[in-house]
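S.K.: Sequence:
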Amino acid sequence: MEMVVLVDDAGTPIGAQSKATAHGSATPRHLAFSCHVVDADGRVLVTRRALTKQTWPGVWTNSFCGHPAPDESLEDAVRRRAAFELGLAVDMIECVAPKFGYVARDASGIQENEHCPVFIARAASPLSPNPDEVAETQWTTASALALATGIAPWAFSPWLVEHLPQVLPHLPGDAERHVDGVDEHG
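To convert, note that position 132 of the sequence shown is 132 in full-length UniProt numbering; the numbers rise steadily by one, no gaps.
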C-alpha cells in the first residue's frame, strides 16, 4: 500500500496515511514533489498525464511528480518516480523551490493539498514512458513553456502554472526573458 507523509503548514512531517484514503474532497496537507527534467541540449521535458489518471487526466505538466514514502529522501523519491513514470535515470538533482505548496481541486472534486518542493534534474538515459502514467512527452524550451502556460494556463496542471515563475530562473536557456507568458524584451 502506497503511503503519503502528512505534514503541517511548514512542511514538517506529522504522520502518514495511505495515498488512496488521503486524496479526496478534503485532502490533508501532505508531502509531494515536482520535477523538471532537462537534457544536454538545454531542453525541458513536459509530459501529458495519462487519460486514466485519477486527477487531472490528460493535462500537460512538468516532467513528473510524486510522493516520497515515509523515511524516503526527496532525492531518492525523485529517482524512483523518474524510473517508474519515464523509464528514465536522472542525475544532478537540485531543489529550486523548497517551500512551494499549493491547494487545487480537480474537476472530479478531488482536492490536492501539497507541500511540494520543486526539483530540476538532468536526463541521464533515454525516455521510456509508462503509458499508465504518461500519455505524451515533449521536449521544449523554458521560454516556450512559459509562453504556453501564460497563454493557455487551463491546458496545464495548476501546480505547474503556479510554480513555474519560481523555477524559470533556474532552467537553462532564455527563460528569464519570459514572465507570465510575456517576452520582456519586446
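Read the hints as simulated data drawn from the structure, not as lab findings. Heads up, some of the hints might be wrong.
Per label pair, the in silico range of CB-to-CB distance [stated by the list, open to error]:
1) Ser128 with Thr52: 33 to 43 Å
2) Pro70 with Ala104: 19 to 29 Å
3) Asp39 with Pro165: 28 to 38 Å
4) Ser108 with Pro169: 30 to 40 Å
5) Ile14 with Trp139: 19 to 29 Å
6) Pro131 with Ala89: 17 to 27 Å
7) Ala20 with Gly58: 16 to 26 Å
8) Gly87 with Gly58: 31 to 41 Å
9) Gln17 with Ala40: 37 to 47 Å
10) Gly150 with Arg80: 28 to 38 Å
11) Ile151 with Lys19: 28 to 38 Å
Computed cross-link-like contacts, DSBU-like style, restricted to lysine-lysine with a CA-CA straight-line distance of at most 30 Å [claimed, not checked]:
12) Lys53 with Lys19
13) Lys99 with Lys53
14) Lys19 with Lys99
Where a beta carbon is used, it is the ideal one built from N, C-alpha and C, also for glycine.
S.K.: Look at each hint and say if it fits the structure.
M.R.: Consistency of the hints with the structure:
1. In this structure, serine 128 and threonine 52 break the distance hint of 33 to 43 Å, their C-beta atoms being roughly 18 Å apart.
2. Separation of proline 70 from alanine 104 is about 24 Å and conforms to the stated range, judged on CB atoms against 19 to 29 Å.
3. At roughly 22 Å, the beta-carbon separation of aspartate 39 and proline 165 lies outside the given 28 to 38 Å, and the hint is violated.
4. A beta carbon spacing of about 34 Å between serine 108 and proline 169 agrees with the range 30 to 40 Å that was offered as a hint.
5. In this structure, isoleucine 14 and tryptophan 139 break the distance hint of 19 to 29 Å, their C-beta atoms being roughly 39 Å apart.
6. The hint said 17 to 27 Å for the Cβ distance between proline 131 and alanine 89, and at roughly 19 Å that hint holds.
7. For alanine 20 paired with glycine 58, a C-beta distance near 21 Å keeps the hint of 16 to 26 Å intact.
8. Checking the proposed 31 to 41 Å range against glycine 87 and glycine 58 shows it is violated: the Cβ atoms sit about 21 Å from each other.
9. Between glutamine 17 and alanine 40, the C-beta spacing of about 39 Å keeps the proposed range 37 to 47 Å intact.
10. Between glycine 150 and arginine 80 the C-beta distance comes to about 32 Å, which sits within the given range of 28 to 38 Å.
11. Roughly 33 Å separates the CB atoms of isoleucine 151 and lysine 19, a value that falls within the hinted 28 to 38 Å.
12. Restraint check for lysine 53 and lysine 19: satisfied, since their Cα atoms lie roughly 14 Å apart, inside the 30 Å limit.
13. Between lysine 99 and lysine 53 the CA atoms are separated by roughly 26 Å; this keeps the pair inside 30 Å, and the hint holds.
14. The suggested pairing of lysine 19 with lysine 99 holds, with an alpha-carbon distance near 22 Å, which does not exceed 30 Å.
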